[in-house]
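> Heads up: the sequence lines are chains R, E and C, in that order.
The first sequence runs 1075 to 1231 under the working numbering.
The second sequence runs 264 to 599 under the working numbering.
The third sequence runs 47 to 822 under the working numbering.
Treat each hint with caution, since some may be false.
Stated by the list, open to error - Mimicking SDA-like on lysine to any residue, the simulated pairs with C-alpha atoms at most 25 Å apart in a straight line are:
no., chain 1, residue 1, chain 2, residue 2
1, C, K631, C, N618
2, R, K1076, C, P108
3, C, K77, E, R314
Honestly, the hints are just simulated from the structure, not real lab data.
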Amino acid sequence: MKKEIFFTLNGKLVNAEVDVSRTLLDVLREQFELTGTKEGCGVGECGACTVLINGLSINSCLMPILEVESADVVTVEGLADEQGRLDPVQEAFIQHGAVQCGFCTPGMVMSAKALLMENPHPTEDQIRAGIAGNLCRCTGYIQIVEAIKAVTEPTRD
Amino acid sequence: MVIYLNLTRQRMPLTDSPWLLVTFTGHSLKTTSTKQRVTGNAKKGYRTMKRYDYFKPTSVEEALDLLAGAGDRAVLIAGGTDVLVKRKLGQIDPAALISLKNIPDMSYVKENGMLTIGAMTTHRQLETSSLVQSRYPILHDAVKNIGSVQIRNTATIGGNIVNAAPSADTASPLLALEAVARVRGAQGSRDIPLTEFFVGPGQTIMQPNEILTEFFLTKYTPPCGGAYYKLSRRAAMDLPLLGVAVQLYLEPDKQTIKKARLAYGVAGPTPRRAFAAEALLEGRTVTPEVLDGVAQAVCQGTSCRNSLRASAWYREEMITVFTKRMIKLAMERATA
Amino acid sequence: MTEFANVGRRIPKVDAREKVTGRASYINDLKLPGMLYGKILYSKYPHARIKHIDISKAESLPGVRAVLTGYNIPEIRVGFMKDNTPLKKGKVRNWKDEVAAVAAIDPDIAEAALDLIEVEYEELPGVFDPVEAMQDGAPLIHEFDPKGRPATSNILKLPWNLQCGDMETGKAAAAYTVSDQYRVTWVAHCCMGLSGCIAQFDLNNNLTMYSITQIPFLAQNDFNSALAAMGLKGKNTRIINTVIGGGFGSKLDTHIYEYIAILLSFKTRKPVKIMFTRAEEFQYQPPRQPAIIDVTQGCDKNGKLTFREVAMLLDNGAYTSWGATTPSVMMVPISSLYRVPNISYTAKSVYTNNIYSQAMRGYGNPQATFALECNLDQLAEQAGIDPLDFRMRNVNQPGEITPQNFKITTCGLKECLEKVADGLDWTHSQGRGQGRGVGIASLIHVGGGARVYKSDGHGMIMKLDDFGKISVITGAVEIGQGSETVLAQVTAEVLGLRTEDVNVIKGDTDICPWDVGTHASRQTFVSCNAAINTAAKIKQQILELASRHLGAAPNELDIKNRMIFVTSDPDNPERQMELDKLLRKVHYSRQGRMIMAEYFYDPPNEMLDREFKGNLSCCYAYGATGVEVEVDKETGQVKILQYYAAHDVGRALNPMLLEGQIYGAAVMGTGYALSEQLIVKNGRVMNDNFLDYKMLTAMDYIPVKPIIVEPVDSVGPFGAKGVGEPGCVPSAPAIANAIYDAVGVRIKDLPITNEKILTALKAKADKGEKSLSESG
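Could you put the whole structure together from the sequences, leaning on the hints where they help?
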């Protein structure tokens, strides 16, 4: 069954005719061609598909598409500004070696973003709890935690 | 019972998942079968995309009507995570999903004498509730370690309870907090004490045409304190191998236990209270001898099983260890 | 010390920007016009005869474009021993066996078509234990060898046997001896990116594979053989790498699903994509192989090792991948970790009906080192020598030639051990018991490539454009480790450019020169050596051309920060020239020319001879890991309090990326030690998801502290050695040794679960009570 829905995607009002049995992840990747949001497991156990809905991080693979009607959805493609300037979280990931194969990175960045929006100065434990739902095989998480810490510190210049 | 056997003997018990929010109804899940499926594992992968219809009622009445009209292949979803996982794994094949997400006023934590929690309250809302943090640490211990932030932002306490998995993380704290579940059916509401709620793995006493709406928890009466321990293999994104919940109410001397409530997850086919052990604590102070007796009583009342995740003997050992530790922690919190 | 402009700096990965913005395109993200989706039907038994397959219903499902089985495809033999085929005929030998495949216009239809394929089986008795599989009368997994000759045994014809020195002498000289058995189990790579490929034929029947392989040129060879078997002899394969979501050895083989995609694409004349689900990844991607390892070591009164005897039994599973050659790398620590004069090592691989295994980070080294380093602690205890001291007495030295004929050039093992011990405050921490303990383990790994193939070479082409930017065309595969970035740094360093002036072109066999693959921790070593040599040729050309303009001989010139200058007169603006200006001048003059160069670097290492001896690598990486643990005696829970990872890396070309390798490997190694295990029952993986496969999360805090030791090695690029794999090698034994130090129980099979520790603690307490009551 198909239905038309409207929602805000990366700051713009969008509409789409969707198959109601799809998830937000399916629609983002297949209909909007926003492939930055990754599918790593499809069942909410890896976090690669993390996006923000109304400011909260969720696994888009477990979000029925009809539930985003009227919601504000932000994906990794929506973090940089119009001029392509990256979000401080993205910059920090680059500068601190938090990226290796990069497959978990978009989801990890979104979880970090959600954490910092809620708590701009998290402790290391809070950072680790904030990204616990995002599995990474390459980094051992350490440089990711360092990157997130760096965003919370005042810039030194 | 079919599901339990299926889970334990043939495949990893995915329905043990803490975030598996099943049906808000008393339906047991029907497992689909195909000719090729033997163990069920991954035979089809995660992409099976049988189509279904999706309804978004905006009142409990409307949801009940839809449920009544849709037949037995309609499934209610709360957070929605469990149903989608089961469908992707080919474990269920719903013709329609009826979402409770758009019904207003089902998500709240309120204190008016008792603590009232709306069934659609997410684990994350409970985790960040200052009321829960300060007065119900036993529940806070449980919700903060369920799944991940993403899961806790989605999954609800109602779903966790109705799922009735032996490992549901919120079940034993709610049992220890003497929760009563209010369910609505076409004929009106009824209240079910949680001690009577679970009838088997994945099975509750609810009728197929009922919807769980809220929980009432015991009144906060200091000096009191509680604690929950989730025994798991890793620090996050895991299921409990055992859940131990202890809630203690003290006499004014802050030493003698006036009332004790102990409850366990994954120590039997359903989350359950340890009544005999509670009786051994009441009227007593915490001494090593009392703790030994309590732990022994708890073990006698449980029936742990072997699974791929842990063996029965280990679970039983850990019941003893963590019953004592959680009693001590609850005492600390009660007297802090 | 020379100050480098690019080398040795913490330069961010050149591909990081693409990755943090979600723009990097993985195989999952790729779509081609007209593309079909392939799905695979796997066996429903671990061992069975295929009696009949009926595909008629599947074929008639609308949207289905092809249904293939072993009975309607040509005979293609694949795998390291050519004992596998893309789709099975006659018999299935494990759960992974691919029985049929479908191509359809969308994945849902392909999935639905699989349900319509009817396969009739006759179940056969299976064998799931390598010891049982070796016994007489065990069911034969393969009744015939790949050449069609009748087989008589499940033991693979891949005997590994290394004998060094004289075992009799070694045993006679031993004052203390410890024999024990160790077991390691299956673990999964858990690349976050799922496996997949797209196969596409052009009108001339040449094949393009969009692939995530770590070995594009060996894959080209494999696929070309498959094309020949399909009647397309002389046709060629072009491998195009997409961005790869993690490797760790999982992409060192060409996989069955890739051959299936090729067959489906040839049949349908359309691009065909096959993508795995996570469950398929766990069920059907070969993991690290399990082993039963018997170790005996002896030492003299002074704690000098006199002999080492190792017998390894490997569960090969039903087919043979390149992973079957891991016993050769197991030899590296067995022969050459510490100074042991007399060595005997045999390894047997046995077919079973279990899933077959493949290479994984360390290539056998983690398995072997776990057994060796646990046994070494046991021996030290028996000899009454502190474990650190014991290792120091046997530590490898620069310049030594090991019994396997490895020529040790530089060796930082002693320094690594010292620094780890310092970090742990070893003398005060060791032997406390009371639930807290420290443990240490060392490693040796190949650091300068490894000649496991007839060439260990790496080809490179460089070309300069009109604007002073250089393209480095390389066969190196970037799997997240950062080879692209260090290549840019090294090239820039040699040419006096900035890292951002270098554009690394990779991942296309039609463009890039040959490389044996990203494995054996070799990519930085070989590709950067190739870069240094290629860039030197480029530089020579630049300086020769510049000398005409600057009035100085080429050997009097140099380049720094994009500027060519006279070394004796560096600050004279009259005698300087911007590189890009020179390039344009040269290009647009009469008889103009472009500057480009190529080089094929093949490291000076040797293939092992018939006795398995030879200088396998041209330098060796060493390291030591030290951990402090706290063990809860009531629950068996282990907490890692400290984790020092010291690595002899030759030189850190990019410390940030290097630390990334060490961190990631340490956490992966800790998972191997404590939590990870594919639970396999009757050949079936029971935990095919991230919930039940316990990969560590960010909340499982492992406080890894990298220690970089830099004994610059003359053969390495700027002195660097490989470091991709080593980090995960010593984790498990260091942790096992620390647990023993903390609570006095030794767990000899991985993973070291809470349950195993508690069981051992109880057994120990029972024994203690018994002996008390006996003595009382």
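> Please go over all the hints and tell whether each is borne out by the structure.
Evaluation of the provided hints:
Distance restraint check for K631 (chain C) and N618 (chain C): the Cα-Cα separation of roughly 21 Å lies within the 25 Å cut-off, and the hinted pair is therefore satisfied. Using a Cα cut-off of 25 Å, the hinted pair K1076 (chain R) and P108 (chain C) holds, with the two alpha carbons roughly 21 Å apart. A hinted pair counts as satisfied when its Cα atoms are at most 25 Å apart, and K77 (chain C) with R314 (chain E) qualifies at roughly 24 Å.
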